[in-house]
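Chains A and B are the protein sequences, given in the same order. If you want the working numbering, it's the position in the first sequence, counting the first as 1, plus 154. If you want the working numbering, it's the position in the second sequence, counting the first as 1, plus 1.
Simulated from the structure, these hints should not be mistaken for lab results.
Straight-line distance between alpha carbons at most 20 Å, and here's what the computed SDA-like set of lysine to any residue pairs gives:
{"no.": "1", "chain 1": "B", "residue 1": "Lys111", "chain 2": "A", "residue 2": "Val294"}
{"no.": "2", "chain 1": "B", "residue 1": "Lys111", "chain 2": "B", "residue 2": "Glu70"}
{"no.": "3", "chain 1": "A", "residue 1": "Lys321", "chain 2": "B", "residue 2": "Glu103"}
{"no.": "4", "chain 1": "B", "residue 1": "Lys25", "chain 2": "A", "residue 2": "Gly170"}
{"no.": "5", "chain 1": "B", "residue 1": "Lys25", "chain 2": "A", "residue 2": "Pro168"}
{"no.": "6", "chain 1": "B", "residue 1": "Lys25", "chain 2": "A", "residue 2": "Ala171"}
{"no.": "7", "chain 1": "B", "residue 1": "Lys111", "chain 2": "B", "residue 2": "Trp19"}
{"no.": "8", "chain 1": "B", "residue 1": "Lys111", "chain 2": "A", "residue 2": "Asp176"}
{"no.": "9", "chain 1": "B", "residue 1": "Lys111", "chain 2": "A", "residue 2": "Cys328"}
{"no.": "10", "chain 1": "B", "residue 1": "Lys111", "chain 2": "A", "residue 2": "Leu324"}
{"no.": "11", "chain 1": "B", "residue 1": "Lys111", "chain 2": "A", "residue 2": "Thr184"}
{"no.": "12", "chain 1": "A", "residue 1": "Lys321", "chain 2": "B", "residue 2": "Gln85"}
{"no.": "13", "chain 1": "B", "residue 1": "Lys111", "chain 2": "A", "residue 2": "Asn174"}
{"no.": "14", "chain 1": "B", "residue 1": "Lys111", "chain 2": "A", "residue 2": "Gly170"}
{"no.": "15", "chain 1": "B", "residue 1": "Lys111", "chain 2": "A", "residue 2": "Glu180"}
{"no.": "16", "chain 1": "B", "residue 1": "Lys25", "chain 2": "A", "residue 2": "Leu173"}
{"no.": "17", "chain 1": "A", "residue 1": "Lys321", "chain 2": "B", "residue 2": "Tyr84"}
{"no.": "18", "chain 1": "A", "residue 1": "Lys321", "chain 2": "B", "residue 2": "Pro44"}
{"no.": "19", "chain 1": "B", "residue 1": "Lys111", "chain 2": "B", "residue 2": "Val6"}
On the chain B side, residues computed to face chain A include the following (Cβ under 8 Å):
{"no.": "20", "residue": "Asp7"}
{"no.": "21", "residue": "Leu110"}
{"no.": "22", "residue": "Lys111"}
Looking from chain A toward chain B, a few residues come up when the C-beta cut is under 7 Å (computed):
{"no.": "23", "residue": "Gly170"}
{"no.": "24", "residue": "Asp172"}
{"no.": "25", "residue": "Val175"}
{"no.": "26", "residue": "Glu180"}
{"no.": "27", "residue": "Cys259"}
{"no.": "28", "residue": "Val294"}
{"no.": "29", "residue": "His355"}
Backbone N, C-alpha and C define an ideal beta-carbon position, used for all residues, glycine too.
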Amino acid sequence: MCGPGSDHSHGPTPAGADLNVDLLEENNDTAQRNRLRLDLAGVRCINLMSGPGAGKTSLLERTLAAIQGRMQTAVVEGDMTTELDAERLRAYGVPVVAITTGRACHLDADLMANGLTQLEQAGSLERFDLLFVENVGNLVCPAEFALGEHTRVALVAVTEGEDKPLKYPLMFRCADCVVVTKLDLLPYLRFDLPHLIAHIHQVNPHIPVFALSAETGEGMEPWLEWLQTEVAGIGTQPVVATL
Amino acid sequence: MPHEVDMTRALILSLRDWHAGQSKSHPIRRVLLLVGQFTGVEPDLLRSAFARQKLDTAFLREAELVIRESPFVAHCRGCNQDYQPDIGLRYACPTCGAAMDEIRSGRELKIERVEWADDDVTG
Ligand SMILES: Nc1nc2c(ncn2[C@@H]2O[C@H](COP(=O)(O)OP(=O)(O)OP(=O)(O)O)[C@@H](O)[C@H]2O)c(=O)[nH]1
Ligand SMILES: [Mg+2]
Ligand SMILES: [Zn+2]
Numbered sequence: 155m156c157g158p159g160s161d162h163s164h165g166p167t168p169a170g171a172d173l174n175v176d177l178l179e180e181n182n183d184t185a186q187r188n189r190l191r192l193d194l195a196g197v198r199c200i201n202l203m204s205g206p207g208a209g210k211t212s213l214l215e216r217t218l219a220a221i222q223g224r225m226q227t228a229v230v231e232g233d234m235t236t237e238l239d240a241e242r243l244r245a246y247g248v249p250v251v252a253i254t255t256g257r258a259c260h261l262d263a264d265l266m267a268n269g270l271t272q273l274e275q276a277g278s279l280e281r282f283d284l285l286f287v288e289n290v291g292n293l294v295c296p297a298e299f300a301l302g303e304h305t306r307v308a309l310v311a312v313t314e315g316e317d318k319p320l321k322y323p324l325m326f327r328c329a330d331c332v333v334v335t336k337l338d339l340l341p342y343l344r345f346d347l348p349h350l351i352a353h354i355h356q357v358n359p360h361i362p363v364f365a366l367s368a369e370t371g372e373g374m375e376p377w378l379e380w381l382q383t384e385v386a387g388i389g390t391q392p393v394v395a396t397l
Numbered sequence: 002m003p004h005e006v007d008m009t010r011a012l013i014l015s016l017r018d019w020h021a022g023q024s025k026s027h028p029i030r031r032v033l034l035l036v037g038q039f040t041g042v043e044p045d046l047l048r049s050a051f052a053r054q055k056l057d058t059a060f061l062r063e064a065e066l067v068i069r070e071s072p073f074v075a076h077c078r079g080c081n082q083d084y085q086p087d088i089g090l091r092y093a094c095p096t097c098g099a100a101m102d103e104i105r106s107g108r109e110l111k112i113e114r115v116e117w118a119d120d121d122v123t124g
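Based on the sequences and whatever the hints tell you, model everything.
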């Protein structure tokens with residue numbers, strides 16, 4: 155690391171100390187602890203991120219309906235002000251912890267730790283195979299705040315146009331998988347799916363992309379298969395290295 | 002509410018931890034940050050959040066926040082060259098068109114250094 159030069163000539167030479175610590179160190183440490191809790195319990199955690207209204211809750215609804223009885227699932231639902239999304243998901247008979255973030259535009263590792271603790275109040279996390287997190291609808295902030303999740307899924311709706319990954323590259327770069335949503339609306343739009351996928355791959359070359367509709371169910375099968383391999387892959391995950 | 006407000010809170014907490022561990026208590030005069038251009042952080046928003054939040058502390062009240070930005074640099078393995086992606090427009094290698102594989106710089110969010118005046122010991 156190249157430290158800042160002592161190039162200021164005025165006044166006495168300032169005394170100082172090189173810290174070289176990450177600004178988000180506290181959040182990252184807490185995320186590591188969350189991750190350990192999940193790993194010890196054998197729970198796979200998937201963080202869904204997108205701009206507002208891309209279809210995170212709708213995808214969860216379809217998904218929960220499809221995996222009912224096959225995977226024991228819980229949801230941590232991040233929302234700025236309301237419990238509306240949480241209520242929608244409770245209809246599927248899974249535990250849903252609602253975290254209203256208030257003025258914050260993203261979930262952070264502390265809020266996530268809180269969510270895990272709430273889930274534990276009704277018994278050990280071991281009862282779950284899969285934990286979904288629905289992050290706050292925002293294309294920028296959630297990408298910088300690790301929660302302890304294993305996998306990040308970025309959603310983008312066909313109605314958002316092909317340029318989203320170029321305008322908001324960070325979220326697509328930080329994701330492990332992209333879901334293109336609202337595929338049933340294609341006939342009504344001037345929108346080129348291969349063009350969007352090319353933009354995603356410009357930013358993140360090897361990332362898997364699924365295109366589907368939570369409305370009609372089209373394209374759900376490959377996504378559900380991928381989920382299955384995610385949950386099965388828990389044993390091969392590297393143990394949290396730094397603690 | 003921009004997340005720079007939260008980042009600033011995290012920054013001040015880290016500085017407070019560090020400051021509490023020091024044997025002499027100097028008020029801090031300068032805080033040097035390194036902020037990459039491929040982060041979700043806007044330096045101006047960080048500066049204004051810091052200017053507000055530092056007033057709630059004693060040890061940072063006089064501190065100036067100095068932000069050094071690190072450029073967004075990617076590397077193309079095929080061409081064996083570094084390049085600067087054109088944020089918002091193009092991330093692929095300008096020479097061969099290969100997708101952005103490796104990022105060499107621009108993801109940093111670091112507290113590099115703190116400084117104080119040696120004669121200003123309090124307490
Ligand atoms: N036609 C169609 N509409 C959809 C689809 N998925 C979601 N929608 C609609 O898009 C709107 C937003 O969907 P949500 O699932 O609430 O989106 P969200 O990402 O959870 O939204 P926030 O949590 O507010 O960020 C709703 O009106 C949904 O009915 C889809 O596959 N097809
Ligand atoms: Mg939602
Ligand atoms: Zn190249």
